[in-house]
Amino acid sequence: SQKIEQNSEALNIQEGKTATLTCNYTNYSPAYLQWYRQDPGRGPVFLLLIRENEKEKRKERLKVTFDTTLKQSLFHITASQPADSATYLCALDPYGGATNKLIFGTGTLLAVQP
Amino acid sequence: DGGITQSPKYLFRKEGQNVTLSCEQNLNHDAMYWYRQDPGQGLRLIYYSQIVNDFQKGDIAEGYSVSREKKESFPLTVTSAQKNPTAFYLCASIEGRGLGTEAFFGQGTRLTVV
Numbered sequence: 076s077q078k079i080e081q082n083s084e085a086l087n088i089q090e091g092k093t094a095t096l097t098c099n100y101t102n103y104s105p106a107y108l109q110w111y112r113q114d115p116g117r118g119p120v121f122l123l124l125i126r127e128n129e130k131e132k133r134k135e136r137l138k139v140t141f142d143t144t145l146k147q148s149l150f151h152i153t154a155s156q157p158a159d160s161a162t163y164l165c166a167l168d169p170y171g172g173a174t175n176k177l178i179f180g181t182g183t184l185l186a187v188q189p
Numbered sequence: 200d201g202g203i204t205q206s207p208k209y210l211f212r213k214e215g216q217n218v219t220l221s222c223e224q225n226l227n228h229d230a231m232y233w234y235r236q237d238p239g240q241g242l243r244l245i246y247y248s249q250i251v252n253d254f255q256k257g258d259i260a261e262g263y264s265v266s267r268e269k270k271e272s273f274p275l276t277v278t279s280a281q282k283n284p285t286a287f288y289l290c291a292s293i294e295g296r297g298l299g300t301e302a303f304f305g306q307g308t309r310l311t312v313v
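Chains R and L are the protein sequences, given in the same order.
Whatever position you read off the first sequence (first residue = 1), add 75 for the numbering used here.
Whatever position you read off the second sequence (first residue = 1), add 199 for the numbering used here.
Honestly, the hints are just simulated from the structure, not real lab data.
Worth double-checking, as some hints may not be accurate.
Sample of chain R residues at the chain L side, in silico, Cβ under 8 Å [to be verified]:
no. : residue
1   : Arg117
2   : Pro119
3   : Leu124
4   : Arg126
5   : Leu149
6   : Thr153
7   : Ala161
8   : Tyr170
9   : Asn175
10  : Lys176
11  : Leu177
12  : Gly182
13  : Val187
DSSO-like mimics (lysine-lysine), calculated; alpha carbons at most 30 Å apart, straight line [what the hints assert, rightly or not]:
no. : chain 1 : residue 1 : chain 2 : residue 2
14  : R       : Lys146    : L       : Lys282
15  : L       : Lys269    : R       : Lys134
16  : R       : Lys92     : R       : Lys138
17  : L       : Lys269    : R       : Lys146
18  : L       : Lys282    : R       : Lys132
19  : R       : Lys132    : L       : Lys269
20  : R       : Lys138    : L       : Lys269
21  : L       : Lys256    : R       : Lys78
All C-beta atoms, glycine included, are put in the ideal place defined by N, C-alpha and C.
Based on the sequences and whatever the hints tell you, model everything.
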């Protein structure tokens with residue numbers, strides 16, 4: 076069973092709003108957490124990485140937070156556009172980055188309405 | 200251009216047949232991975248390899264086999280023991296030398312049992 080949980084419901088938002096996606100994990104102490112974007116029928120593409128000693132990371136309209144106490148990462152897309160519509164996946168190494176084993180969450184489908 | 204190439208893009212298998220999915224990378228990456236994705240689901244780890252001639256089982260290795268005889272290549276065989284092989288298969292690689300290095304994915308192979 077999946078040990079990394081993401082919003083199972085699709086997230087529908089209006090263009091221009093901020094989308095917030097959640098990634099929760101249990102029983103791990105990851106040294107980092109990654110976020111990927113996946114379009115239908117294609118492989119995921121890396122977006123951002125945040126390390127355990129970082130609270131927040133930004134890249135253009137994207138922002139990621141990492142709360143190791145809550146065991147949660149939040150992924151924000153500000154000023155969302157229809158082109159942001161895709162599935163977003165979080166990923167981590169359950170052994171704290173020591174093994175290169177990379178496991179993924181269930182993914183959240185984001186739909187941005189014009 | 201450097202990248203990961205998966206072939207074929209579409210594959211049809213008859214009941215009881217073994218089939219092999221190809222994954223080749225020219226990124227000089229140490230670690231390679233195979234994931235399975237079912238409709239509306241996240242990625243589940245089948246096998247991964249951190250170095251040549253070594254590989255580890257992921258969360259759903261039963262019914263699959265791999266080899267890593269060359270750094271560039273990590274083929275996946277779906278055996279007749281895999282009872283529900285119809286899925287989208289993704290190969291990935293990471294440099295393996297840094298903590299949390301991003302994963303690069305191929306375009307996937309869609310396997311269908313007929």
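We went through each hint and held it up to the structure:
1. Arg117: Holds, about 6 Å.
2. Pro119: holds (5 Å)
3. Leu124: holds (5 Å)
4. Arg126: Since chain L brings a Cβ to about 7 Å from arginine 126/R, closer than 8 Å, the hint holds.
5. Leu149: With Cβ-Cβ at 18 Å, over 8 Å, it is violated.
6. Thr153: With a minimum Cβ separation of about 22 Å from chain L (threshold 8 Å), the hint on threonine 153/R is violated.
7. Ala161: Violated, about 14 Å.
8. Tyr170: Cβ of tyrosine 170/R sits 11 Å from chain L, so the hint is violated.
9. Asn175: Result: holds, 5 Å to nearest chain L Cβ.
10. Lys176: This interface hint holds because 6 Å falls under the 8 Å limit.
11. Leu177: Check passed: Cβ of leucine 177/R comes within 6 Å of chain L, closer than 8 Å.
12. Gly182: Interface hint status for glycine 182/R: holds (5 Å vs cutoff 8 Å).
13. Val187: violated (19 Å)
14. Lys146/R - Lys282/L: The given pair, whose Cα atoms are some 35 Å apart, is violated under the 30 Å limit.
15. Lys269/L - Lys134/R: With Cα atoms ~36 Å apart, lysine 269/L and lysine 134/R exceed 30 Å; violated.
16. Lys92/R - Lys138/R: Holds. Lysine 92/R to lysine 138/R sits at ~14 Å (cutoff 30 Å).
17. Lys269/L - Lys146/R: Distance of about 38 Å is beyond 30 Å: violated.
18. Lys282/L - Lys132/R: violated (42 Å)
19. Lys132/R - Lys269/L: Measuring from Cα to Cα gives roughly 36 Å; hence the hint is violated.
20. Lys138/R - Lys269/L: violated (38 Å)
21. Lys256/L - Lys78/R: holds (17 Å)
The structure shown violates the earlier hints numbered 5, 6, 7, 8, 13, 14, 15, 17, 18, 19 and 20.
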